[in-house]
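> Chains as they are written, first to last, in UniProt numbering: chain D, 1 to 456; chain Z, 1 to 456.
Think of the hints as simulated: they come from the structure by calculation, not from any bench. The reader is advised that the hints may include incorrect statements.
For identical chains, the list gives no copy identity; a pair is met inside one copy or between any two copies.
[To be verified] When the alpha-carbon atoms are kept at most 16 Å apart in a straight line, the in silico EDC-like pairs for lysine to aspartate or glutamate are as follows:
hint	residue 1	residue 2
1	K148	E189
2	K225	E42
3	K21	E106
4	K281	D142
5	K225	D96
6	K21	E119
7	K21	D389
8	K12	E255
9	K21	D99
10	K21	E131
11	K12	E30
12	K85	E111
13	K141	D179
Each chain, written out:
Protein chains: 2
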Amino acid sequence: MGLLMFYEYLSKVETLLEENKDLELHVYLEDMHAADIAEVLENLEDDQQIQVFGLLSDEKATEVLEEINSEQFSILLKDLTYEKKVTLLENMSQDDIVDKLSELPESRQQEIIAFLDYEDAADVKELLVYEEGTAGRSMTKDYVSIRKDYSVYYAIETLRAIAPDAETIYYLYVTDEIDRLVGVISLRELIISPPNRTVDTIMNENLITVNVNDDQEDVAKVVSKYDLLAVPVVDNDNILRGIITIDDVLDILEEEATEDIFKFAGTSEYEIYENDTTLFKRVRNSVMSRLPWLIITIFGGLLSARILANFQGTISANATLAMFMPLLTGMGGNVGTQSSTITVRNIATHVIEGTGIFRTLIHEISVGLFVGIVCSTMVAFAAMMMQADYHIALIVGIAMWANMTTAATIGTIVPLVFKKIGVDPAVASAPFITTTIDLTGLTIYFSLATIMITKV
Amino acid sequence: MGLLMFYEYLSKVETLLEENKDLELHVYLEDMHAADIAEVLENLEDDQQIQVFGLLSDEKATEVLEEINSEQFSILLKDLTYEKKVTLLENMSQDDIVDKLSELPESRQQEIIAFLDYEDAADVKELLVYEEGTAGRSMTKDYVSIRKDYSVYYAIETLRAIAPDAETIYYLYVTDEIDRLVGVISLRELIISPPNRTVDTIMNENLITVNVNDDQEDVAKVVSKYDLLAVPVVDNDNILRGIITIDDVLDILEEEATEDIFKFAGTSEYEIYENDTTLFKRVRNSVMSRLPWLIITIFGGLLSARILANFQGTISANATLAMFMPLLTGMGGNVGTQSSTITVRNIATHVIEGTGIFRTLIHEISVGLFVGIVCSTMVAFAAMMMQADYHIALIVGIAMWANMTTAATIGTIVPLVFKKIGVDPAVASAPFITTTIDLTGLTIYFSLATIMITKV
Chain D
1 MGLLMFYEYL
11 SKVETLLEEN
21 KDLELHVYLE
31 DMHAADIAEV
41 LENLEDDQQI
51 QVFGLLSDEK
61 ATEVLEEINS
71 EQFSILLKDL
81 TYEKKVTLLE
91 NMSQDDIVDK
101 LSELPESRQQ
111 EIIAFLDYED
121 AADVKELLVY
131 EEGTAGRSMT
141 KDYVSIRKDY
151 SVYYAIETLR
161 AIAPDAETIY
171 YLYVTDEIDR
181 LVGVISLREL
191 IISPPNRTVD
201 TIMNENLITV
211 NVNDDQEDVA
221 KVVSKYDLLA
231 VPVVDNDNIL
241 RGIITIDDVL
251 DILEEEATED
261 IFKFAGTSEY
271 EIYENDTTLF
281 KRVRNSVMSR
291 LPWLIITIFG
301 GLLSARILAN
311 FQGTISANAT
321 LAMFMPLLTG
331 MGGNVGTQSS
341 TITVRNIATH
351 VIEGTGIFRT
361 LIHEISVGLF
371 VGIVCSTMVA
381 FAAMMMQADY
391 HIALIVGIAM
401 WANMTTAATI
411 GTIVPLVFKK
421 IGVDPAVASA
431 PFITTTIDLT
441 GLTIYFSLAT
451 IMITKV
Chain Z
1 MGLLMFYEYL
11 SKVETLLEEN
21 KDLELHVYLE
31 DMHAADIAEV
41 LENLEDDQQI
51 QVFGLLSDEK
61 ATEVLEEINS
71 EQFSILLKDL
81 TYEKKVTLLE
91 NMSQDDIVDK
101 LSELPESRQQ
111 EIIAFLDYED
121 AADVKELLVY
131 EEGTAGRSMT
141 KDYVSIRKDY
151 SVYYAIETLR
161 AIAPDAETIY
171 YLYVTDEIDR
181 LVGVISLREL
191 IISPPNRTVD
201 TIMNENLITV
211 NVNDDQEDVA
221 KVVSKYDLLA
231 VPVVDNDNIL
241 RGIITIDDVL
251 DILEEEATED
261 IFKFAGTSEY
271 EIYENDTTLF
281 KRVRNSVMSR
291 LPWLIITIFG
301 GLLSARILAN
311 FQGTISANAT
321 LAMFMPLLTG
331 MGGNVGTQSS
341 TITVRNIATH
351 VIEGTGIFRT
361 LIHEISVGLF
371 VGIVCSTMVA
381 FAAMMMQADY
391 HIALIVGIAM
401 WANMTTAATI
411 GTIVPLVFKK
421 IGVDPAVASA
431 PFITTTIDLT
441 GLTIYFSLAT
451 IMITKV
């Protein structure tokens, strides 16, 4: 499987480079998949990259440019002759060009667009107008469209002519006289239909479309839900503007999954590794994207300190109580994170709808109660053995149980409330939940301790 | 866009059900996409589901069975006549049947397989033999294969005959006399080739395949990396056993993303909401899958308590020190989680390879140093204002800075080491990292305090 062979490819290419075996390297590269070559290039020094890239045939070089990241794309392109630039860019698929340009500065975008032919340049400029993250930006204009009054025979002939350039030929989009989308036919249906029928008698009018301004994540969900190979993108007048194919949807889904995971960890620095060249810039971006979450945590921590200040007397008199603070806050944080992660993910994957909200809440609180009983019993015994003081053991045990149940409740309610008021639960929940849980947990613990120890 | 219309569909169906307008409901349902009907059914009571399902045409009913979850699949099927069961199951795609059966008890699997025709039953039984999560289990046997000595014309004719049953007709797999896979042709290439050529002269022999025993996540990565619409699955003798299509890859990716997110939160309870019917069973499963992480946290917390026991004297003498403990452990935990999440994700998406390891480490430690400087300065000022004691402020500030830098380092190194020794970094990192950071953070803080306060 190609994925596991990466190191083999890399070391073979490096060896052939060192030994200056250009011809052998050329032959080796031509047999490799473009995606593998791109991966190897991304792990070579800039001058080695240029050397290897120069050995590729035009066809392979085009495919590699489609697969490689923006930064490398820009570097590799710089070193080519005028003719080579024009040839490679002309053969590249539009949405890949737009994808690379999206992440380059505007001046560099203009430079590269200048090498495109008139039609491609116009298309690329149109696509770049749409905002990043929308269907318009992710779509391609390389689709096959036919008029509704074509015969099946003529439709297949049209397809033969356009096929080499089209991004997908498995759906043919049917339009009326003014380019409005009226139907779709799959190549499969076309192949099995009588050649003399007209397209509008066999086309499927029950179309699933997306709008140019739709969020790309919603587009990915539509393609995934309805098992499509491509989805047409229309504007507000229902004019067909482009299509988004399933291979791009895979990329979108991977991007969004990474974003979601980063959000949970309290950072939004997606893709910084790829886009910035210097260590300083990359570190600065990371710092800027992580600081907001950390500063919220500082305020939470200072609030905790303020609350603990009220219990100074209790702590001074019983320094043993302080020993179990990290255990208490740690467990609360863990339980809260478990509940909130599951709630946030269920919201994202639409498991929670209607009655699901109530069911999730009951579920999470029940889980909190049960894990609370098990864990607080264990902890109470451990505290008893460590301190041989049943008061401390009792306080720690009861506080732990109350804290874990509260934590599960807070971890479930906060994302649901955030969703209700229109705040992204994944981003906002993490620092807010852990802080709240710390505050309630410590208050429960020391209030209990103050009451029980004073009473004794 | 269909996804956003869910509530509209649900309330319309509920209204028509209440008003007993069966004919109108039938017409309304036939216009809906099967994926939408399945989603509506999953939100109705069991008896309503059966009523609605009974109104569907055979074609629609088959599609709905393909889309619906296992539990509902089993319920809906139970209430049908023998003929209806046979008809619907015969038309369902194989991989969907296997997918539903996978999550049902074996006795129920056997009951359902009994309604399949001989050939389908044999195929489904074969697929069920492969382990859950492997390529063999996820594949379908509904593919188009042709012999290498066919002409293009005859290949297209074969396709016309098989097309209605096949899962995808966009790739035709070419085999030799003993069913070994020797090449592939896309429908696109076939359409544009001269009808009298033989298949082996135009087929692509540079095949990307996966093995029946490969992990489905690796299969998804291969399909995504090489932009395939389907990938052939072969056994150890290179005999073609099935194919996996890109729509199934989308489902696999979504499943794996959810699993990854759950792992970060310290739980492995994926899909429990769907598969268990009673609240008790669901809660029990959640408790069992969350407890291991919590118990590890308990041991970590007890170790913290043990360390703090050594500093009892310092704490008793300066109860103020205890005030800042939650702030210190909270910040360390946050920084550590940020670094470990990014490292784990980079490992998963293969950003970290070769020199990337060293680069990631340098990056994360630098980020830890910088966010540490900003945050510890803020905290030191706040501590100064709250306590008007520059000793405490200095201790808290320095400890915070050291702790945050250490946390970033630990958060990066632990996943890398786990990966090296073959442990899943996503599962093992979370509790291990927070515990380690708590221990080092508290040790730094109280050691510093003991030294500085004793010295004064």
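> Now tell me if each hint is right for this structure.
Going through the hints against the structure:
In this homomeric assembly, K148 and E189 come within 16 Å of each other (Cα to Cα) only inside a single copy, at 15 Å, whereas the closest approach across copies is 25 Å. For the identical chains of this complex, K225 and E42 are inter-copy neighbours only, at 15 Å across copies versus 34 Å inside a copy, given an alpha-carbon limit of 16 Å. When the C-alpha separation of K21 and E106 is checked against a cutoff of 16 Å, the pair qualifies neither within a copy, at 39 Å, nor between copies, at 59 Å. Within a single copy, K281 and D142 get their C-alpha atoms no closer than 36 Å, and across copies no closer than 51 Å, so neither meets the 16 Å cut-off.
Taking the shortest alpha-carbon separations for K225 and D96, only the inter-copy value of 14 Å comes in at or below 16 Å, while the best intra-copy value is 25 Å. In this assembly of identical chains, the alpha carbons of K21 and E119 never lie at most 16 Å apart, being 40 Å within a copy and 54 Å across copies at closest. Taking CA atoms no more than 16 Å apart as the test, K21 paired with D389 passes in neither setting, with 77 Å inside one copy and 70 Å between copies. In the homo-oligomer, the alpha carbons of K12 and E255 never lie at most 16 Å apart, since the shortest distance is 30 Å inside one protomer and 35 Å across protomers.
Taking the shortest Cα distances, K21 and D99 never come within 16 Å of each other, neither inside one copy (34 Å) nor across copies (50 Å). With identical chains, the CA atoms of K21 and E131 are never at most 16 Å apart, being 46 Å at best within one copy and 45 Å at best between copies. Taking the shortest alpha-carbon separations for K12 and E30, only the intra-copy value of 14 Å comes in at or below 16 Å, while the best inter-copy value is 57 Å. Taking the shortest alpha-carbon separations for K85 and E111, only the intra-copy value of 11 Å comes in at or below 16 Å, while the best inter-copy value is 63 Å.
Taking identical chains as interchangeable, the C-alpha atoms of K141 and D179 lie at most 16 Å apart only when both belong to the same chain, with a minimum of 13 Å there against 40 Å between chains.
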